[in-house]
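One letter stands for each residue in the lines below.
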Amino acid sequence: AQSVTQLGSHVSVSEGALVLLRCNYSSSVPPYLFWYVQYPNQGLQLLLKYTSAATLVKGINGFEAEFKKSETSFHLTKPSAHMSDAAEYFCAVGVGGYNKLIFGAGTRLAVHP
Amino acid sequence: NAGVTQTPKFQVLKTGQSMTLQCAQDMNHEYMSWYRQDPGMGLRLIHYSVGAGITDQGEVPNGYNVSRSTTEDFPLRLLSAAPSQTSVYFCASSPEGGTQYFGPGTRLTVL
Chain A
1 AQSVTQLGSH
11 VSVSEGALVL
21 LRCNYSSSVP
31 PYLFWYVQYP
41 NQGLQLLLKY
51 TSAATLVKGI
61 NGFEAEFKKS
71 ETSFHLTKPS
81 AHMSDAAEYF
91 CAVGVGGYNK
101 LIFGAGTRLA
111 VHP
Chain B
1 NAGVTQTPKF
11 QVLKTGQSMT
21 LQCAQDMNHE
31 YMSWYRQDPG
41 MGLRLIHYSV
51 GAGITDQGEV
61 PNGYNVSRST
71 TEDFPLRLLS
81 AAPSQTSVYF
91 CASSPEGGTQ
101 YFGPGTRLTV
111 L
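Chains as they are written, first to last, in our numbering: chain A, 1 to 113; chain B, 1 to 111.
Any given hint could turn out to be false.
Stated by the list, open to error - Computed cross-link-like contacts, DSBU-like style, restricted to lysine-lysine with a CA-CA straight-line distance of at most 35 Å:
1. Lys58/A - Lys100/A
2. Lys69/A - Lys100/A
3. Lys100/A - Lys68/A
4. Lys100/A - Lys49/A
5. Lys100/A - Lys9/B
6. Lys58/A - Lys9/B
7. Lys49/A - Lys68/A
8. Lys58/A - Lys68/A
9. Lys49/A - Lys69/A
10. Lys58/A - Lys69/A
11. Lys100/A - Lys14/B
12. Lys9/B - Lys49/A
What the hints assert, rightly or not - Below, a sample of chain B positions facing chain A; criterion: calculated Cβ distance under 8 Å:
13. Gly42
14. Tyr48
15. Gly58
Quick caveat, the hints were computed from the structure, so don't treat them as lab data.
By construction, the Cβ of each residue, glycine as well, lies at the ideal position given by its N, Cα and C atoms.
Kindly generate the complete structure, drawing on both the sequences and the hints.
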């Protein structure tokens with residue numbers, strides 16, 4: 001069965017520092033992988049998705065993620081954190097495609113001056 | 001184009017009461033889903049639908065019913081609310097093979 005593990009429930013970085021949010025997945029078939037962001041009291045917004053076209057995926061707001069099959073990882077990065085990046089981030093794997101998502105527990109990112 | 005809308009935004013119920021959480025989308029998406037979000041557990045799939053008249057269970061379906069009579073609407077019913085159903089509920093829709101779009105959520109408290 002597919003599953004997602006996000007390492008670190010809370011991550012804190014300084015403004016301008018590298019953001020690295022870790023995600024490992026378990027899937028018996030080539031996965032569809034997603035990163036979503038949730039700002040306080042809002043729904044989820046898609047940051048980026050991996051669909052096997054390219055291993056390095058660029059998303060919105062300067063985020064990108066690299067699919068590494070050998071490590072079963074899909075870590076999210078951003079070179080320089082901004083205060084507006086403070087939010088909760090969820091990694092998800094698609095079961096049978098895009099339409100049934102299994103989510104990780106989430107990582108709350110704090111950005112301090 | 002309103003996207004995915006959910007009502008109500010907040011609701012407080014007593015144990016044993018019933019209610020329906022409403023979800024509607026105006027994007028003509030075939031797929032619709034309900035998730036619940038609990039602290040430290042991410043989002044978990046309750047029920048989903050691949051088109052009008054077709055529904056199926058997700059990871060945590062117990063205590064919830066759904067139906068899909070139209071493409072636009074996908075209500076979630078709690079027949080007898082329990083404190084364990086206190087959560088934030090999200091509805092999502094997607095075209096076939098496409099990205100899921102989420103609604104703003106309904107925060108439910110069961111006393």
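Lys100/A and Lys49/A: Cα distance at most 35 Å?
holds (14 Å)
For the pair supplied as a hint, Lys58/A and Lys68/A, confirm whether the alpha-carbon distance does not exceed 35 Å.
holds (15 Å)
Could you check if Tyr48/B really has its C-beta closer than 8 Å to a C-beta on chain A?
Holds, because the Cβ-Cβ distance from Tyr48/B to chain A comes to roughly 6 Å (cut-off 8 Å).
Is the straight-line distance between the alpha-carbon of Lys58/A and that of Lys9/B 35 Å or less?
holds (33 Å)
Need the status of pair Lys49/A, Lys68/A: alpha-carbon distance at most 35 Å?
holds (14 Å)
Does Lys14/B sit within 35 Å of Lys100/A, going by the straight-line distance between their CA atoms?
holds (31 Å)
35 Å Cα cutoff - pair Lys58/A, Lys100/A
holds (22 Å)
Was the hint right that Gly42/B lines chain A, CB cutoff 8 Å?
With a minimum Cβ separation of about 4 Å from chain A (threshold 8 Å), the hint on Gly42/B holds.
Going straight from one Cα to the other, do Lys69/A and Lys100/A come out at no more than 35 Å?
Cα-Cα ~21 Å, so holds.
Under the criterion that the straight-line Cα-Cα distance not exceed 35 Å, is the pair Lys100/A, Lys68/A satisfied?
Within the cut-off at roughly 22 Å; holds.
Lys58/A and Lys69/A were given as a pair; does the straight-line alpha-carbon distance stay at or below 35 Å?
With Cα atoms ~17 Å apart, Lys58/A and Lys69/A stay inside 35 Å; holds.
Proposed interface contact between Gly58/B and chain A, which counts if any beta carbon pair is under 8 Å
With a closest approach of 7 Å, the Gly58/B hint holds.
Every hint, counting from the list given before, is met by this structure.
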